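A.B. asks: Just add 15 to the spot in the sequence shown (first one is 1) and you have this note's numbering.
None of these hints come from the bench; they were simulated from the model.
Where hints are given, some of them may not hold.
Label pairs and their calculated CB-CB ranges [what the hints assert, rightly or not]:
hint: 1; residue 1: Lys114; residue 2: Glu194; range: 23 to 31 Å
hint: 2; residue 1: Arg639; residue 2: Gly592; range: 53 to 61 Å
hint: 3; residue 1: Ile909; residue 2: Gln751; range: 41 to 49 Å
hint: 4; residue 1: Lys114; residue 2: Glu237; range: 21 to 29 Å
hint: 5; residue 1: Asp500; residue 2: Lys29; range: 23 to 31 Å
hint: 6; residue 1: Pro614; residue 2: Pro736; range: 48 to 56 Å
hint: 7; residue 1: Asp500; residue 2: Ile921; range: 53 to 61 Å
hint: 8; residue 1: Lys114; residue 2: Gly39; range: 46 to 54 Å
hint: 9; residue 1: Val375; residue 2: Gln51; range: 15 to 23 Å
hint: 10; residue 1: Glu194; residue 2: Asp318; range: 28 to 36 Å
hint: 11; residue 1: Pro1059; residue 2: Val375; range: 38 to 46 Å
hint: 12; residue 1: Ser171; residue 2: Lys114; range: 53 to 61 Å
hint: 13; residue 1: Gln303; residue 2: Arg639; range: 47 to 55 Å
hint: 14; residue 1: Gly255; residue 2: Pro614; range: 29 to 37 Å
Bear in mind the structure is a predicted one, so any value in this text is a computation, not a measurement.
Quick reminder that beta carbons are idealized off the backbone N, C-alpha and C, glycines included.
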Amino acid sequence: MDQFAVRFSRFFIKHRGINLAIIGGLTLFFAWHALQLQVFSQFVDLLPRNHSFVQVYEKYNRQFGSANVVTAAIVAKSGTIYDEQFLEKVYAFTDQIDKVEGVDHGQISSITAITIRDQEVDREGILRSRQIIGEQALALLEAQFFTRRTLRLAASQNAGRVPSTFGELREHAAKRKAELVELLAPTQATRLEQMTDRDEAERLRLLRKENAQLEFLILRLEELPPGYTLSGEELAGPDGNLIPAELMATLPDRIHQNKQVFGRLVSLDDQAALISAGFIEGRLDYSQIFREIYDLKLELESDGTVEVHLTGQPILTGWTFEFLPEIVLILMLSLAILLILLAIYFRRFYGIVMPFTGAVVSAIWGLGFTSLVGYQLEPLVLVIPMLITARAVSHSVQFVERFYEEYERLNGDKDEAVISSMAELLLPGSLAILTDAFGILVIYVSSIALMKKVALVGAFWAMSIAVTEMLLNRLMIAYFPAPKDTKHYVPEPIVKVLRVMSGWATGPRSAKVILGVWLVIVVSSFAVAPYVKVGESRPGTPILWPEHEFNQSAAAISKRFYGADELTVVVETEMEGGIHRPEVMAEIEAFQRYMEQEPGVGGTLSIVEYLKAINRTYHNADPRWSIVPYTPQEIGGLLYLYEAGSPDPRILNPVRDQVARNAAIRVFYGDHQGDTIRHAVDRIKDYLKRRPTGKIAVRLEVPEDDWISTVFWWIGPLLPPRPVELGVYLQQPDGQYEKQAVLTPDRTDPAPEDSKERMLTLPRMTRELREVLVEAGYDDVGKLANAGVEELAEVEGFDLVTAYALIKAAELDRRSFSVVAEWNSEERGTNVQVRKRGLYEPYELWVKYQSGDYERRESGRWAEGTSFALASGLMGVLAASNEEVEGSNNATLIASFVTTFLIVWISYRAFSIALYLILSLGTAALVSLAYMYWTGIGFDVNTLPVQALGVGVGVDYALYIMDRVVHERKRGHDVVEAVRIAIQTTGMAVFFTASTLVGGIIFWYFISSLRFAADMSLLLSVVLVGNMIGAMLLVPAFTAVFRPEFASAAGSAEPQASDVKRE
16 MDQFAVRFSR
26 FFIKHRGINL
36 AIIGGLTLFF
46 AWHALQLQVF
56 SQFVDLLPRN
66 HSFVQVYEKY
76 NRQFGSANVV
86 TAAIVAKSGT
96 IYDEQFLEKV
106 YAFTDQIDKV
116 EGVDHGQISS
126 ITAITIRDQE
136 VDREGILRSR
146 QIIGEQALAL
156 LEAQFFTRRT
166 LRLAASQNAG
176 RVPSTFGELR
186 EHAAKRKAEL
196 VELLAPTQAT
206 RLEQMTDRDE
216 AERLRLLRKE
226 NAQLEFLILR
236 LEELPPGYTL
246 SGEELAGPDG
256 NLIPAELMAT
266 LPDRIHQNKQ
276 VFGRLVSLDD
286 QAALISAGFI
296 EGRLDYSQIF
306 REIYDLKLEL
316 ESDGTVEVHL
326 TGQPILTGWT
336 FEFLPEIVLI
346 LMLSLAILLI
356 LLAIYFRRFY
366 GIVMPFTGAV
376 VSAIWGLGFT
386 SLVGYQLEPL
396 VLVIPMLITA
406 RAVSHSVQFV
416 ERFYEEYERL
426 NGDKDEAVIS
436 SMAELLLPGS
446 LAILTDAFGI
456 LVIYVSSIAL
466 MKKVALVGAF
476 WAMSIAVTEM
486 LLNRLMIAYF
496 PAPKDTKHYV
506 PEPIVKVLRV
516 MSGWATGPRS
526 AKVILGVWLV
536 IVVSSFAVAP
546 YVKVGESRPG
556 TPILWPEHEF
566 NQSAAAISKR
576 FYGADELTVV
586 VETEMEGGIH
596 RPEVMAEIEA
606 FQRYMEQEPG
616 VGGTLSIVEY
626 LKAINRTYHN
636 ADPRWSIVPY
646 TPQEIGGLLY
656 LYEAGSPDPR
666 ILNPVRDQVA
676 RNAAIRVFYG
686 DHQGDTIRHA
696 VDRIKDYLKR
706 RPTGKIAVRL
716 EVPEDDWIST
726 VFWWIGPLLP
736 PRPVELGVYL
746 QQPDGQYEKQ
756 AVLTPDRTDP
766 APEDSKERML
776 TLPRMTRELR
786 EVLVEAGYDD
796 VGKLANAGVE
806 ELAEVEGFDL
816 VTAYALIKAA
826 ELDRRSFSVV
836 AEWNSEERGT
846 NVQVRKRGLY
856 EPYELWVKYQ
866 SGDYERRESG
876 RWAEGTSFAL
886 ASGLMGVLAA
896 SNEEVEGSNN
906 ATLIASFVTT
916 FLIVWISYRA
926 FSIALYLILS
936 LGTAALVSLA
946 YMYWTGIGFD
956 VNTLPVQALG
966 VGVGVDYALY
976 IMDRVVHERK
986 RGHDVVEAVR
996 IAIQTTGMAV
1006 FFTASTLVGG
1016 IIFWYFISSL
1026 RFAADMSLLL
1036 SVVLVGNMIG
1046 AMLLVPAFTA
1056 VFRPEFASAA
1066 GSAEPQASDV
1076 KRE
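Throw the hints in and build the complete structure from the sequences for me.
C.D. replies: The following block contains the structure:
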């Protein structure tokens, strides 16, 4: 063995007290931080922030809506939605979800929301906007809902006795108010806060709540039209109905004629209504959000007349938190099974305590570091810490197994056995841990925040095993009493299996058969591996089982409506009011018609639908006037009248901004599977590539069909961004476009000086937002660049997403930049630049138009006229995430393989060892990809880290085996005999570790309520078994067949621990 390893081991054990104190102190430090660790989710962590789609989303999400949306469908079990009780439930859900913390009040859509409106011309000929079901009907539904809720609360507080008429209600309200006044007498004003009797405090709280609701209800009831009466919980008008019959009779016609409602918010069979609510991307309590919304669902379903279906990212995240106790229980059960299997295998105190203690200390270090760097745990990535902890157990098993082997060989000399086993495993253990850590760290190349967190924490956690297992275990054995029995116990069944495997791996014919089988597996796996889907591979979510309520709800909504999944394309113009130009409206409508030709599209919605409906209404509802007016003045005038006639100034916010410079086209799909998203994005890109728009069309162009594109597809995240070309096209009199010559100055320009005025050039900045920032103390770009994300997110108008985007933009804006291409036209008042600010920073398109300042175009496009920017909405950010995951997966696997190859080659100075290891790792990775293909598991942010961890597992197994082969060769054995000894000795720990880990996770599939956990248990089992077979059969077979000279010849024996001078 290496003399350095022996000397280090002897030195470490000699100074065991100091070393134990250091490790103990660090463990206490990390334990204190681990106690501060929080478990929560942030939608912002799922976004690849360097992707142009996400940058467009960050710029417009507060204007055109968040992708973090809850969608609910209320379905009538019989009849249609044109029923008073059904409409009351729709109103109830809409009203109550608006009160959930974190909701964006301007992003609530339903037929009872104030923002969903129709239009009419009154008797004076004035165009007015009206709520789609009518203001009178809406007020009546509000009164009925609060009447029912208030009286039910009163019944719960008064033993079921409730007022049943208006008079009785007023008497009851006066009585309850008197009771409250008595309880809240001046001498008892602070009683609620100081009350020690919890029952009395709860009674007082409910009495306050009941009084507030009674006062509000009486005010609402006094506003009812004459003739309304109260009977029990029911309000009724003169005709016996809550909503007048003549008003209800007109509702179907109004809904069927409104494209933004029929098919989107009301099902085509009139049996269901859809409600959606967007949430601000901040620090949200998803568990509380889920509980409030789900309780509302149960309340509405309690009378058995409707079903309520819930979907959306907040609901999905809420479900994962509901299963969090189960996840923790399953992980604890896995550890318990590991302990039981350790006891069965070793039957010794050391064999149980060492791996378990090391795993616990490693977990303390990992969790403490997570908290120390300000990260949180996500429920779905808890499988990653579990796997890293399992890796710690694996390394510990290798050491304990080798210790008992050396203890027997050295006739019970415990200290020498510790030193000898530590020295022999120092190199393979260190290399295995190093490659483990790097295999996880390379995930950091992804721009998805969650992946960066997993990479950083996972890499540290993996590296901590070097201390918590390789060193701490040795110290513990040094302090523990020596085992009484020097004989190394090995389970006889495993011994027999290993003998058979060693015979197969080294037999002249069997070894070649193994290589033949390996070749068939590689070819068959390689044939299907490229077809593993990226993104979700099934409707709904693969995180939950198909029969789960969430997936059933997603299927029900997709069947009845346009689709709950939305892809938003932003339409940008070069000036305020640009959207109102008829040619821009024509481009928007042409794009909509193009997208509607795709079979998977349920429908589209834009400002054009609003405008046509308004124009038709203004002209006596004549269908011939359902057209776009011919001048910007007419368009602007009609839209102004529509806005002026609405009580909500945000009425057009979902489709157009306040200054009419930008608009949104919403494209609705039935699901957000990976293939659906890819086809949608490819179709849009093809349309934009073939059809320039505007008098001047500018875009950044990158070839997509050359060999360089293939290279970037494989390892793009590891490389600087590919150089782009600046394409400038001028529209000619005949309508054709001519490409213009551009300059390539390749000069460096300094950043402009900080100023309050320059803040307006930052993305998404308006004068109103700037004034808010100035009041908060951020009065120049420099202060914004140095701001903290959480602090800036507290400023009115900002959340975590927009705060991060603004800080990032401010940081970039203060750096000097290289102008790699530009085009200038004084005649047209247009200046275009392509800027680059750093080696790995993306190329940026900046445009200065007429008297304005330079503005960055996040989409890489600009036009004097109409420009389409991809993409926003849920499907837009998922498209970016899928592209990032696909590129990151390729890059991480290649980087892991290359790094592992180089580390092993340099460490052992043997090309063959490194090559055989990589062939084994590559085979296991291919087999796991083939398994994903056949089982329909797609790549996403949750499955990506599993592949990286799988590489680390394979390195561990194969390195320990091959290191033992090297040692046995140095002890004088020939290659075949060295391989046999390695399999029958070190292979014992490899076999046990793999079987133990599989036994500890395979049962997830049968008991987990999360399909993700079940799928990962099988996938990881395939990875573990594949790597074990590769390490114990494939790598030895290569060695036995090709007999590489990777070690010294027989006779050049290595020094033993006892040969090295004791210090």
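A.B. asks: Between the beta carbons of Lys114 and Glu194, is the distance compatible with 23 to 31 Å?
C.D. replies: Between Lys114 and Glu194, where Cβ atoms are some 27 Å apart, the hint holds.
A.B. asks: Indicate whether the distance between the beta carbons of Gly255 and Pro614 respects the range 29 to 37 Å.
C.D. replies: Since the Cβ atoms of Gly255 and Pro614 sit about 48 Å apart, the hinted range of 29 to 37 Å is violated.
A.B. asks: Can the suggested window of 41 to 49 Å be confirmed for the beta-carbon pair Ile909 and Gln751?
C.D. replies: holds (44 Å)
A.B. asks: Taking the Cβ atom of Gln303 and the Cβ atom of Arg639, is their distance within the range 47 to 55 Å?
C.D. replies: Once the Cβ atoms are compared, 52 Å apart, the range 47 to 55 Å for Arg639 and Gln303 holds.
A.B. asks: How does the Cβ-Cβ distance of Val375 and Gln51 compare with 15 to 23 Å: does it lie in that range?
C.D. replies: holds (18 Å)
A.B. asks: So the hint says 53 to 61 Å: do the beta-carbon atoms of Arg639 and Gly592 match that?
C.D. replies: Violated - the Cβ-Cβ distance for Arg639 and Gly592, about 27 Å, lies outside 53 to 61 Å.
A.B. asks: Take the C-beta atom of Pro1059 and the C-beta atom of Val375, compute their distance, and say whether it sits inside 38 to 46 Å.
C.D. replies: Because 41 Å falls inside the window, the suggested range holds.
A.B. asks: Is the gap between the beta carbons of Asp500 and Lys29 within 23 to 31 Å?
C.D. replies: holds (27 Å)
A.B. asks: Indicate whether the distance between the beta carbons of Lys114 and Glu237 respects the range 21 to 29 Å.
C.D. replies: Holds: the Cβ-Cβ distance is about 23 Å, inside 21 to 29 Å.
A.B. asks: Note whether the CB distance of Asp500 and Ile921 lies within 53 to 61 Å or breaks it.
C.D. replies: Between Asp500 and Ile921, where Cβ atoms are some 41 Å apart, the hint is violated.
A.B. asks: Between Lys114 and Gly39, does the beta-carbon spacing fit 46 to 54 Å?
C.D. replies: holds (51 Å)
A.B. asks: Quick check on a hinted range of 53 to 61 Å for Ser171 and Lys114, using CB atoms only.
C.D. replies: Once the Cβ atoms are compared, 20 Å apart, the range 53 to 61 Å for Lys114 and Ser171 is violated.
Comparing the model with each earlier hint shows violations of hints 2, 6, 7, 12, 14; every other hint is respected.
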